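Given the coordinates of chain A, work out where chain B with the ligands should sit on it, guided by the hints.
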Amino acid sequence: MSEQTPALRLENITKTFPGVKALDDVSFSVLPGEVHALMGENGAGKSTLMKVLGGLHQPDDGQIIVGEQPVRMASPLDAKSKGIVFIHQELSLADELTVAENIYLGELPRKRFGLVDWRRLYAQTNEILKRLNVSFDARALVGDLSIANQQMVEIARALTVDAKAVIFDEPTASLTDAEKVVLFDVISDLKSSGVGIIYISHRMEEIFKITDRISVLRDGAYRGTLETSKTNDEDITQLMIGRTLDLSRNLAHHDVGDVVLKVDNLSCGHLYENVSFEVRHGEVVGFYGLVGAGRTAIAETLFGLREPTAGRIYLDGQPTRIHSPADAIRRGISLVPEDRKAQGLVLGMNCRDNMTLPQVDDLKAGPFVAEGAEIAIFDQYRDRLDIRTPGWRQSVGNLSGGNQQKIVIGKWLSMHPNVLIVDEPTRGIDVGSKSEIHNLIRDLAGLGYAVIVISSEMPEVLHVSDRIVAMFSGKIMRTFTSEEVTEDNLIQAISGLSADKVA
Amino acid sequence: MSEITSKTANETPAARSKGARPVQLGVIGTFLARQGILVAFALFMIGFTIANERFLDPDNIMGVIRSSAILGVMALGVTFVVISGNLDLSVGSMMSFATIVVLDLHDKLGPALAIPSMYAMVLCLGAFIGFLVGYLRLNSLIVTLGMLSAIHGLTLTYSGGKNMDIADKEGTWFDVFGQSAVLGIPVPILLFALLASGLGIMLAKTPFGRKVYAVGGNGTAATFSGIRRARVVFTCYLISAFCVATAGLIQASRSLGSQNTVGQGLELEVLAAVILGGASLMGGAGTIFKTVIGVLILGFIQNGLLLVGLQFYAQYVVTWIIIILAVWLDIAAKRGKLWSPIA
Ligand SMILES: Nc1ncnc2c1ncn2[C@@H]1O[C@H](COP(=O)(O)OP(=O)(O)OP(=O)(O)O)[C@@H](O)[C@H]1O
Ligand SMILES: [Mg+2]
Numbered sequence: 063m064s065e066q067t068p069a070l071r072l073e074n075i076t077k078t079f080p081g082v083k084a085l086d087d088v089s090f091s092v093l094p095g096e097v098h099a100l101m102g103e104n105g106a107g108k109s110t111l112m113k114v115l116g117g118l119h120q121p122d123d124g125q126i127i128v129g130e131q132p133v134r135m136a137s138p139l140d141a142k143s144k145g146i147v148f149i150h151q152e153l154s155l156a157d158e159l160t161v162a163e164n165i166y167l168g169e170l171p172r173k174r175f176g177l178v179d180w181r182r183l184y185a186q187t188n189e190i191l192k193r194l195n196v197s198f199d200a201r202a203l204v205g206d207l208s209i210a211n212q213q214m215v216e217i218a219r220a221l222t223v224d225a226k227a228v229i230f231d232e233p234t235a236s237l238t239d240a241e242k243v244v245l246f247d248v249i250s251d252l253k254s255s256g257v258g259i260i261y262i263s264h265r266m267e268e269i270f271k272i273t274d275r276i277s278v279l280r281d282g283a284y285r286g287t288l289e290t291s292k293t294n295d296e297d298i299t300q301l302m303i304g305r306t307l308d309l310s311r312n313l314a315h316h317d318v319g320d321v322v323l324k325v326d327n328l329s330c331g332h333l334y335e336n337v338s339f340e341v342r343h344g345e346v347v348g349f350y351g352l353v354g355a356g357r358t359a360i361a362e363t364l365f366g367l368r369e370p371t372a373g374r375i376y377l378d379g380q381p382t383r384i385h386s387p388a389d390a391i392r393r394g395i396s397l398v399p400e401d402r403k404a405q406g407l408v409l410g411m412n413c414r415d416n417m418t419l420p421q422v423d424d425l426k427a428g429p430f431v432a433e434g435a436e437i438a439i440f441d442q443y444r445d446r447l448d449i450r451t452p453g454w455r456q457s458v459g460n461l462s463g464g465n466q467q468k469i470v471i472g473k474w475l476s477m478h479p480n481v482l483i484v485d486e487p488t489r490g491i492d493v494g495s496k497s498e499i500h501n502l503i504r505d506l507a508g509l510g511y512a513v514i515v516i517s518s519e520m521p522e523v524l525h526v527s528d529r530i531v532a533m534f535s536g537k538i539m540r541t542f543t544s545e546e547v548t549e550d551n552l553i554q555a556i557s558g559l560s561a562d563k564v565a
Numbered sequence: 006m007s008e009i010t011s012k013t014a015n016e017t018p019a020a021r022s023k024g025a026r027p028v029q030l031g032v033i034g035t036f037l038a039r040q041g042i043l044v045a046f047a048l049f050m051i052g053f054t055i056a057n058e059r060f061l062d063p064d065n066i067m068g069v070i071r072s073s074a075i076l077g078v079m080a081l082g083v084t085f086v087v088i089s090g091n092l093d094l095s096v097g098s099m100m101s102f103a104t105i106v107v108l109d110l111h112d113k114l115g116p117a118l119a120i121p122s123m124y125a126m127v128l129c130l131g132a133f134i135g136f137l138v139g140y141l142r143l144n145s146l147i148v149t150l151g152m153l154s155a156i157h158g159l160t161l162t163y164s165g166g167k168n169m170d171i172a173d174k175e176g177t178w179f180d181v182f183g184q185s186a187v188l189g190i191p192v193p194i195l196l197f198a199l200l201a202s203g204l205g206i207m208l209a210k211t212p213f214g215r216k217v218y219a220v221g222g223n224g225t226a227a228t229f230s231g232i233r234r235a236r237v238v239f240t241c242y243l244i245s246a247f248c249v250a251t252a253g254l255i256q257a258s259r260s261l262g263s264q265n266t267v268g269q270g271l272e273l274e275v276l277a278a279v280i281l282g283g284a285s286l287m288g289g290a291g292t293i294f295k296t297v298i299g300v301l302i303l304g305f306i307q308n309g310l311l312l313v314g315l316q317f318y319a320q321y322v323v324t325w326i327i328i329i330l331a332v333w334l335d336i337a338a339k340r341g342k343l344w345s346p347i348a
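So the protein sequences, as listed, match chains A and B. Under our numbering, the residue at position 210 of the first sequence is numbered 272, and the numbers go up by one with no gaps. Under our numbering, the residue at position 147 of the second sequence is numbered 152, and the numbers go up by one with no gaps.
If we strip away everything but chain B, and leave its shape as in the complex, we get:
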């Protein structure tokens, strides 16, 4: 606050009016800003294609979608949480937990029992977070940031810090979720598509979906409309946990063995995809379809950068730049101005 005011107070009115002159966007500018992400995406794609002809190879494209599936599935759930006006930063470590647990139980109980048990455990975690944020009204940032490390600790305790591997990798059917294909389409992509359509319809078409928007858009007005806010928030975290469990299942099935840290850092990528898709961190706005677009954009850009020969670690920086760009264009489109300093 003091920064904002110190600036304006020291300026003379003349300087102020000059300095405050906003850059207006014309019709084309507004269109570009509104579709900014897609435009940037198209430019990237063209650039990558010129730089490396393998980029548009169907195998490469399929590969990108497939490797985006895990991130994508998680992003679907987080979309609900974000639209309801909250955050979920625990999804990365929760995904590690799901992967480790299902791999461990695979050998102890067999895959048929391991899978539902894992889902049950992850849903319990989701319910716990949902309880804290929804019913106790604790700040979701604090709760899920805490859960990020708490669940990491839980995973390490569970595994004793060791990597988890399936003993008999040849003789199990557990690899169907990560490695097989139906009609030529890899199962991870199918699961992603299936969940995306199901949850997309749920969000767009059902009373529950409507309530998610209302709660995130104006919680007080939602309460005054007889919506049980706590229940809606709680359910959003359950949905998020369900998606995380599915992501863990795909991950475990794909590798049949895993480190404790397999999901580390994913929470930010997931959030990036959701925001790239245009969901508002303030709540109340966003759609599943847009999140899917956000996921694909992130996936293709990271893949393109790799093909162009950019170091893997540089991706973190580039991803960050893309997010900033997205958020900026988003705000610029809403204001109709590219630049408008505070006050």
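With the rest of the complex left out, here is chain A:
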């Protein structure tokens, strides 16, 4: 392998931000036709390294070599023109534009007089979309698409240029299994045409499935490269966090109490219909299904963001109407929303203020916000969730993706809710922290909270739930207890194949 010229080489890259040495003398190379995983904890510097490569950040030191040539990536478009395509962790699409415009932004096909050749644009786009096997059209507005579909649009961008290297920064964080299959096909196509691929993910099973080599970063420093076929989970984690994790640890199970939340024949337009379920004190109920199955819509209804069109919600046995999030919070309901950037965080605000935002009215010293109490809350959850930040004053927008997600989780845990709803709680979170969050969810149940976990990751749902509600296209197909559930019958239930509804 070593005699091959790398598609891409990064040499001695260093990058500092105020208060943070994000990258410390990192060297790293990718061969043509190789899928190279980049791994590391949240905040290890993966995205920063890729942003340097993609022309979004200029390195303080070090150089980038494409083929034989040292190059400078002045801007993202510059990087693209040198054959580096970057599919971002945080979506960077223009909501108001169509799918086609987003994909070809900056390079729309032209006719005479510089007019956009719309016909060609849509035809080209639809061709790419067909390869990706998606359900939307080139003319759809990006803002109308689900996050998963927006992610597919990002991926489509990669297929428009003659790439030397394609960077995928946590592309599967919001994809369903079916979409992942498509993505992996795309990756293997790229690979066989000799493109070098950098693949960032926290999901071990994906790493082992599609990558050839694995490079690991820790605290901004390069830790080594492993051959995927000759390594295992433990070696990788050892390199990533300096110790091994016991992921097989059994989660605590608790006795359940009275029903806290009962939903009776609830419907909301075509989003979901006749949904009934209950959640008890000390119980974790998992909701599993495909994107669009209506899980998020149910969560939003419970949190006062949507009016149900029919049916009832009972809290502690009392019929209840929840009119607004403020109302929901007052009744002890918390929601960790699915989209941290759009719904979870005020990116320009500091870590502390973001975390205490829902309770800012309750944290008062006289007429003022009790900043000491806020800092105490922040410190508590920073330690508990291992949030990597130079301090509470840091803007949340400057944290790494996983650390941002932890802020959102801390924000809602610190509310001590009766009913905690988490929608894709571990999206973008590294393996160590993930098991920590799973433990936390179980612990909360142990304290008597009722928890609803919505997740598209089957292992996660299977791991944390006492019961699992399987949904398909707005309907509850079946409710499983943790004893009766298996991967097979769960998949069957959420794909709409089994009609046997268990009440």
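For the record, the hints were derived by calculation from the structure and aren't laboratory data. Being a predicted model, the structure only gives us computed values, none of them experimental. Warning: the hint list may mix true and false statements.
[Said to hold, decoys possible] In silico BS3-like cross-links for lysine-lysine, where the CA-CA straight-line distance does not exceed 27 Å: (1) A:Lys253 with A:Lys292; (2) B:Lys295 with A:Lys426; (3) A:Lys403 with B:Lys210.
Chain B with the ligands alone, transformed into the frame defined by chain A:
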């Protein structure tokens, strides 16, 4: 959009990479850009002082602050509105309205009743705007631009188009807000300072202030955090209206008579001061302290230009140049680049 893309699409990759090379700021450059306004301000001050020794005269300085007070008081309220992610272009004509109304009522009801009545009327206008923007979610630019002329019409209807004067200018105590001084400090300055500290603390230290930043920074996330966005926006417009009423009170008290157009054009100067201070038009950023700095900078520069002998009307142009400079430096500091063309 088409302009942006047409440029890039016609360029060859080589030309593009050359053309797109951004100008990087070094450490000193970044500092200068970040403090750009203050640096420019200092240079102006030095220049003015050399050009005209009267500039640093304590009387002149006091005079500048005093004449900035009206603008300043209005800018305080607009700071709330801008941080919450909206605009208020109606403050100029609302200030005219406040001035005319309080002068008219002065003779009809006496000053003690005229003042609260005027405040009530102006707050109603503010509540109306707040309702439209906050609860009906109408675009604030459209709403307040419309209100700018609607309120102007209201003022003219109210006054019948005539100037408004207090009949007995000698025998009223109404001039205290504009013309008197306490411990040698003119009352307009005191009112400005008082409001600035009060509102500054409110914005920086109270839960409400925090919510204003959240709503302007990311309205959806604010909603998801249980913040009643409409209520926050509504309150910001009430605060703005309160400040406008106070500005009108000072104006009326200072002149004891007024034209219908006394506040005309102030909305842009106010906005200029707020942006000079570093509040983001996108919402979510800015402070009262910085707005006060913005107000003073604007005031001193305009005064300096006058002393240097620049025509009054040329000030409009210079003010505009200063704003552009401020916004540019602000963006440059954020990007760490002086120049970085789109794409
Ligand atoms: N613009 C910025 N300003 C300040 N600090 C930053 C900035 N961007 C990144 N950082 C810091 O650099 C470090 C590395 O962040 P990076 O986003 O590269 O992590 P990551 O490995 O991608 O993590 P994750 O798995 O959570 O996505 C973090 O400590 C982060 O807070
Ligand atoms: Mg990252």
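Cross-check of the supplied hints:
no.: 1; hint: A:Lys253 with A:Lys292; verdict: 20 Å, holds
no.: 2; hint: B:Lys295 with A:Lys426; verdict: 26 Å, holds
no.: 3; hint: A:Lys403 with B:Lys210; verdict: 25 Å, holds
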